[in-house]
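The listed protein sequences correspond, in order, to chains A and B.
Each step along the first sequence adds one to the number in the UniProt record's numbering, with nothing skipped, and position 104 is 104.
Each step along the second sequence adds one to the number in the UniProt record's numbering, with nothing skipped, and position 49 is 49.
It is possible that part of the hints are untrue.
[Unchecked claim] Selected chain A positions facing chain B (Cβ under 8 Å, derived; list incomplete):
hint: 1; residue: Leu4
hint: 2; residue: Phe8
hint: 3; residue: Leu11
hint: 4; residue: Leu26
hint: 5; residue: Asn34
hint: 6; residue: Ala36
hint: 7; residue: Ser39
hint: 8; residue: Ala43
hint: 9; residue: Leu44
hint: 10; residue: Tyr45
hint: 11; residue: Met47
hint: 12; residue: His89
hint: 13; residue: Met188
hint: 14; residue: Phe191
[Unchecked claim] Footprint (simulated), chain A over chain B, 3 or more residues, beta carbon under 8 Å:
hint: 15; segment: 5-15
hint: 16; segment: 29-41
hint: 17; segment: 100-109
hint: 18; segment: 170-183
[Unchecked claim] Below, a sample of chain B positions facing chain A; criterion: calculated Cβ distance under 8 Å:
hint: 19; residue: Lys18
hint: 20; residue: Leu44
hint: 21; residue: Met47
hint: 22; residue: Val48
hint: 23; residue: Asp78
hint: 24; residue: Val113
None of these hints come from the bench; they were simulated from the model.
A virtual CB, placed ideally from N, CA and C, is assigned to each residue, including glycine.
Residues per chain, in single letters:
Number of protein chains: 2
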Amino acid sequence: MARLDDQFAFLLEADRLKQVNRATTLTDGSRRENSAEHSWHLALYAMVLADQARPGVNIDRVIRMLILHDLVEIDVGDVPIHSANGAAHGSAEVAAAEARAADRIFGLLPADVGPGLRALWAEFEAAETPDAIFAKSLDRVQPVLHNIASGGGTWVEYNVTLEQLETRVGQKVARGAPAVWEYLRARMRGFFGPA
Amino acid sequence: MARLDDQFAFLLEADRLKQVNRATTLTDGSRRENSAEHSWHLALYAMVLADQARPGVNIDRVIRMLILHDLVEIDVGDVPIHSANGAAHGSAEVAAAEARAADRIFGLLPADVGPGLRALWAEFEAAETPDAIFAKSLDRVQPVLHNIASGGGTWVEYNVTLEQLETRVGQKVARGAPAVWEYLRARMRGFFGPA
Ligand SMILES: [Ca+2]
Chain A
1 MARLDDQFAF
11 LLEADRLKQV
21 NRATTLTDGS
31 RRENSAEHSW
41 HLALYAMVLA
51 DQARPGVNID
61 RVIRMLILHD
71 LVEIDVGDVP
81 IHSANGAAHG
91 SAEVAAAEAR
101 AADRIFGLLP
111 ADVGPGLRAL
121 WAEFEAAETP
131 DAIFAKSLDR
141 VQPVLHNIAS
151 GGGTWVEYNV
161 TLEQLETRVG
171 QKVARGAPAV
181 WEYLRARMRG
191 FFGPA
Chain B
1 MARLDDQFAF
11 LLEADRLKQV
21 NRATTLTDGS
31 RRENSAEHSW
41 HLALYAMVLA
51 DQARPGVNID
61 RVIRMLILHD
71 LVEIDVGDVP
81 IHSANGAAHG
91 SAEVAAAEAR
101 AADRIFGLLP
111 ADVGPGLRAL
121 WAEFEAAETP
131 DAIFAKSLDR
141 VQPVLHNIAS
151 GGGTWVEYNV
161 TLEQLETRVG
171 QKVARGAPAV
181 WEYLRARMRG
191 FFGPA
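Isolated chain A (complex conformation) (with noise of 0.2 Å):
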């Protein structure tokens, strides 16, 4: 059964990234949020949030987009969007780490497998088609919620202007869904006060 010695190889490697924390808390501010239990509530941002998607959206496809969209970290680690003034995020170097990490990591599924996935966390990383772009907004959105709800969280930790989170988060967010950025705005106005 070497096929499911493969399968399982794999699943049992991504139960790493439970262990991989991110900046971002829980809502409750208790303590980091792991990317594991992250790309779990995504998924079920998707689900509840499948009206805010511009028109021929696929939500399925989104959700295994979110699934997996974090699994490089096991190797690469989560790298803040605020973190070295927003300038390591999406960096030439962290980018080139992740997609070894990606060859590493799908590279040990069956060969009729793996490249699917990697070809989806790739779309997702690309973020150009309709569906990445929902699923990037996603991912952007849900630590807006979480620093609202624990009273600033990393905006704090990190300094952030809202000018800098119309940038780094705001335009992304508004690409995908932007009924829900509009929302956000006037959420956030009681923390940054008014814009």
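Got chain A sorted already, so can you dock chain B with the ligand onto it with the hints?
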């Protein structure tokens, strides 16, 4: 935006599942697994073990079921399969408490979203449709992998015999994914000794 208020109220409430701990540990035994990251892992199981499902199983519905199958634990907690010598899990009391939890939690959502998700949860619990049978089998497979990896895990803790494992776990796995159970039995033999 009362609609988004309700959607986000549900998504924030769901965050609490990250604080519900299961009996099973991570594969390295370092800590107990929580039900949110467990649900994420199961969605990945569905994606990777899709070829093990019986013909006609809709993997996208299975993934959605697995994402929300444990949300009721926010109110009820996790009831380990091997606790109370196998009698607590699936008792009438637990089932009634979980139904109340489902009413409350899915009731937070808009009326065109909540009932559909609650029905999907009830379908999983009933374990009668092909999709639910496959989803349940994955829910039983994952702890077996973790117990093998961590040197016994909850089998040691609850003093479980191979016979009990056949009844509580094996029959359910075999119903949805027969070849997987055969494979796991062979790997478990190293732990329990020859049957
Ligand atoms: Ca992410």
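Taking the hints in turn, this is what the structure says about them:
no.	hint	verdict
1	Leu4	holds, 5 Å
2	Phe8	holds, 6 Å
3	Leu11	holds, 6 Å
4	Leu26	holds, 6 Å
5	Asn34	holds, 7 Å
6	Ala36	holds, 4 Å
7	Ser39	holds, 5 Å
8	Ala43	holds, 5 Å
9	Leu44	holds, 6 Å
10	Tyr45	holds, 6 Å
11	Met47	holds, 6 Å
12	His89	violated, 22 Å
13	Met188	violated, 13 Å
14	Phe191	violated, 15 Å
15	5-15	holds (count 7)
16	29-41	holds (count 8)
17	100-109	violated (count 1)
18	170-183	holds (count 3)
19	Lys18	holds, 5 Å
20	Leu44	holds, 6 Å
21	Met47	holds, 6 Å
22	Val48	holds, 5 Å
23	Asp78	violated, 15 Å
24	Val113	holds, 6 Å
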